[in-house]
Structure formats: structure tokens, C-alpha cells
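As given, the protein sequences belong to chains A and B, one line each in that order. Residues in the first sequence are numbered from 13 upward in steps of one, following my numbering. Residues in the second sequence are numbered from 13 upward in steps of one, following my numbering.
Rather than coming from a laboratory, the hints here were simulated on the basis of the structure. Some hints could be false.
All copies of an identical chain are treated as equivalent in the list; a pair is satisfied when it fits inside any one copy or across any two copies.
[To be verified] Lysine-lysine pairs mimicking DSS-like chemistry, simulated, CA-CA at most 25 angstroms apart:
| no. | residue 1 | residue 2 |
| --- | --- | --- |
| 1 | Lys-42 | Lys-70 |
| 2 | Lys-92 | Lys-70 |
| 3 | Lys-92 | Lys-37 |
| 4 | Lys-92 | Lys-40 |
| 5 | Lys-37 | Lys-70 |
| 6 | Lys-40 | Lys-70 |
| 7 | Lys-94 | Lys-70 |
| 8 | Lys-94 | Lys-40 |
None of these values were measured; they are calculated from a predicted model.
2 protein chains.
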Amino acid sequence: MNYIEIIGFSAATLTTAAFLPQVYKTWKTKDVSGLSLPMLVMFFVGIFLWLVYGIYIKSPSMISANTITIVSAFLLMYFKMKYEKR
Amino acid sequence: MNYIEIIGFSAATLTTAAFLPQVYKTWKTKDVSGLSLPMLVMFFVGIFLWLVYGIYIKSPSMISANTITIVSAFLLMYFKMKYEKR
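Taking the hints into account, I'd like the entire structure generated from these sequences.
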């Protein structure tokens, strides 16, 4: 692995890890009042496009980071829709 | 501008825009109780490393997105430190 991919993977680890506490907190508390569905959808589509970009430019760190983050974004959208009505 | 940079700039617009309501809300309400400083610092450092990565691989969309997002992340850290003690 070359030098720049080490920077990329460090970036990927930090930015994906920063989302996990939010996913955990929302799952545990079922409190979705502070989450905005339009924003989550925008974010999800944005991350999907970054994933397409990463695949196109063949960036291992971008592909890894965005694959993990798209799962986090999907879970937050799912929790928002599931718990909103209760 | 080539095809893949259009995808990149669409991704950049969506993921940076998804942060602005959080910055605005925190600025208006001064409510930083839901924000975690260690997470904000991790996120800030992560975005800084993505910016370095974007500059290195000469990606215009990654440079733009991460420059704007690093300002958002910095503002959230600043608000957290400024309003925490009040």
C-alpha cells in the first residue's frame, strides 16, 4: 500500500467512526426527533455518488469509507422512518 | 469538466449541504448538549486528511467538498467549546 492510501485509510477510519456513535445512540434511544429525513436522504444519495466516484477513480480508501458510511446512512434513514410514527 | 467530476461535484454538493442545517441549528440554539467533542475532533482530523488526499490525487470535487466541510466541522468544534460552559 502506498503512502497516499495510508492517509486515505486514516481519513476513512476517522470519518466513518465519527458516525457510529450516532447510529448506536439512535438505535438505543429510538429518539429520531432531531433527525431530518430530507437531510438523511440527501446525505445517503451524496455518499452513494462518492462511492461511484471512488470506484471510477479506483481509490481503495474512498470505496471502503463510503461503503461503510452508506450502511450508517441507510440505518439512520430506516430508524427515522420506523420510529417516527410511534 | 469531465463526466466523473460532475458525479463528484454532485456528491460534494449533497454531502456538504447535509451539514449546513446542523451548523445553523447549533449557532441559533446554542444547544451543544447532543454534540460530542471527541467525535467532532475525530471528524475534523478525518476531513483534513481527506483534503490532503484530494489535493494529492488532484481531485477538484474532493478538494471543494472537504474545504467546505472542514469549515463546518471547525465551526461545530468552536460552538461546542464556546457554549459548553454557559
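Now for the hints, and whether the structure bears them out:
no. : hint            : verdict
1   : Lys-42 - Lys-70 : neither (37 angstroms within a copy, 42 angstroms between copies)
2   : Lys-92 - Lys-70 : neither (33 angstroms within a copy, 37 angstroms between copies)
3   : Lys-92 - Lys-37 : both (13 angstroms within a copy, 19 angstroms between copies)
4   : Lys-92 - Lys-40 : both (13 angstroms within a copy, 24 angstroms between copies)
5   : Lys-37 - Lys-70 : neither (33 angstroms within a copy, 37 angstroms between copies)
6   : Lys-40 - Lys-70 : neither (36 angstroms within a copy, 41 angstroms between copies)
7   : Lys-94 - Lys-70 : neither (36 angstroms within a copy, 41 angstroms between copies)
8   : Lys-94 - Lys-40 : within (13 angstroms within a copy, 29 angstroms between copies)
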